[in-house]
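Participant: Based on the hints, put chain Y in the right spot on chain W.
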Amino acid sequence: MFDMFIEVLMAGLGSAGFAYLFNVHGKKIAWTGIGGALSWLVYLIVMQMSGDLFVALFAATLSIVVASEILARVIKIPVIMMLVPMLIPLVPGGTLFYSMQALISGKNLQFIGYVQSLALQAAAIAVGMIVGTAIMGNFFTFYYRAKAQKISQKITEQS
Amino acid sequence: MDQNKSSTKEYRQIISCILDVGELLLKNGAEVMRVEDTITRLCDAYGFSSSDVLTITSSILLTAVAPDGDIITQTRRIKSRSTDLSLVGRVNALSREIAANPMPSDKFTNMLQEAQNDKVYSRRTIFITYGFVSAIFAVFFGGDFVDGIAAFISGLILYIVQQLGGKLRMNSTLLNTLCSAITAFVIVVLLHIGIGHHSDKIMIGNIMLLIPGLALTTSLRDLINGDTISGLLGLFEAVIKAIAIAIGSALVLQGLGV
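Line by line, the protein sequences give chains W and Y.
So the first sequence is numbered by the numbering used here: it starts at 1 and just counts up by one.
So the second sequence is numbered by the numbering used here: it starts at 1 and just counts up by one.
Same shape as in the complex, but just chain Y:
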């Protein structure tokens, strides 16, 4: 009887670990299908006789029947997302490893912790990259070299505003509006002192860093793939974000008459 209880507890822990894997994947930019596949694969590896998983962009729901007959349901709510493809790669490799030879839950937890100890770029590198990416896309969308320089400067300022806003735990929609408004203001000032020629090209260069073009595309893919709820959620998030960004820049650019 006692042993039975401990095995039930162990299975619950394992389900929790499997959901951790799913959460890490979903949070860091993996697509819905991959998350569901991974969770199902892991459940199979641990000998759960059936597993039903529903993943949408904001939550994961998993019900599985343990080998001892216990039915376990757990849910995860995903609130914030960012893109860390390195972490997705490592968690994915780890999940394959565990599916090949399942291990007890405490070891599983430790390995997940290790996988999260990530090599990340320093803030300075990201700061400079923001500048370069802005400049590159300003030129890509048809701006000239001087527009690139203007985009570089405003891209750096965009990063500072974004970081400060993040520290203040600002509402993310509002933060996007603020970021694009301040960037637009910086561009107006730069144009005024003679750096840059096309305000729209410079603005697009900066906005490529904020605008949810990728989210829009992937949500459409989800819709066509049959993950309708995820697709609609992604689409609406993208549209709201796009409107927030456009309001910020349009207010400033039109308010100052550029």
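Excised from the complex, chain W in its bound form:
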């Protein structure tokens, strides 16, 4: 339990740290930190429930895509400004390193295992991003359309 708490905390701090490196300023850094922590929390919970790496990463990515799309519209900034730093803890840097190490030291079987896992992880994140963006895009189209209808109704009532 304590380990998980530390992991979530570090994911948040890591995202915030990368926000600095990507030249994000002000309160947005705090938001990216919260998003990074959220992503890892979702990952851990779904991992406990399903036990599947692909599903867990997919759910985690989906959660931060939704969070960053909403945040970006609330504070009026491009989505990637939130999304890119938030994604960092999910990115399979560790697996990439281990796979390359296995390749160079000639451990072919290990290398294949790592590459398989790497492809799976990267695909889970990519699919999560695409699905999330599509869902949110449709959601906001409907939302704004409904809003516009309400306003036009009001105007016709007034006149």
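Treat the hints loosely; a few may be bogus.
Said to hold, decoys possible - Partner residues aside, some chain W positions facing chain Y, computed with beta carbon under 10 Å:
#1 Gly14
#2 Phe22
#3 Asn23
#4 Lys28
#5 Trp40
#6 Leu41
#7 Pro89
Because the hints were derived from the structure by calculation, they are not lab data.
Every residue gets a Cβ at the ideal spot worked out from N, C-alpha and C, and that includes glycine.
Facilitator: Just chain Y now, with coordinates in the frame of chain W:
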């Protein structure tokens, strides 16, 4: 006749400005789709009757038909990229503003210049951040507190090596190898004097700063999205970078028998 010529020149200038916007976005971390959308939106705003844009990670190609019938084609080659999300935000806001009310090319150029005058963090802040990010990810990937301290120190050294290499205009693949090799060497020394327990965790903490995990993921997204060329380019760049980094660290770690 004279006026016709000057308007043609103006349209060429505008296309050049629009490509500047695209270049700034692409150079600083925006995705291919956003760049193409922005360029198309700007061309529409200026009344170009048709605009065809092809963007891949390393170049932008734009052909547009000006309102006076002139067909203009311009290309940009993007050589180096970095991530500055603040700048992407400002250029994006500027492009929306200009799409809402188009302005002459000289004013456009001035506004782009202004947008580039960026608030950037001082080198000292980035230097310290390198240390902290290394330490955070060393702990995140399962290292203990002492590993974090070791990663902090080697992260600071990584930043110094990277800056020096940049000043020497070193080949970037070679620089990545060198960075990871020196970091690995520092870690071996630190382990030897008793700071840190797991060399791999410390190494991953440092390497998170170099390794193209994000590039790998976004290139896969491009591939699935249908931007096949950009996706393949990104994927290959990421793989080559990863191999370069791994060679550096593996040579040192195995050479010294850790």
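Participant: Next step is simple, just say for each hint if it's right about the structure.
Facilitator: Evaluation of the provided hints:
A least Cβ separation of about 5 Å between W/Gly14 and chain Y falls short of the 10 Å threshold, and the interface hint therefore holds. Hint on W/Phe22 holds. Least Cβ distance to chain Y is approximately 5 Å, under the 10 Å limit. Interface hint status for W/Asn23: upheld, as the beta-carbon distance to the closest one in chain Y is roughly 5 Å, under 10 Å. For W/Lys28, the shortest C-beta to C-beta distance to chain Y is roughly 9 Å, which falls under 10 Å, so the interface hint holds.
Interface hint at W/Trp40: satisfied, since its Cβ lies 8 Å from the closest Cβ of chain Y, which is below the 10 Å cut-off. With a least beta-carbon distance of about 13 Å to chain Y, the hint placing W/Leu41 at the interface is violated under the 10 Å criterion. The closest approach between the C-beta of W/Pro89 and any C-beta of chain Y is roughly 7 Å, which is under the 10 Å cut-off, so the hint is satisfied.
Checked against the numbered hints listed earlier, the structure breaks hint 6 alone; every other hint is satisfied.
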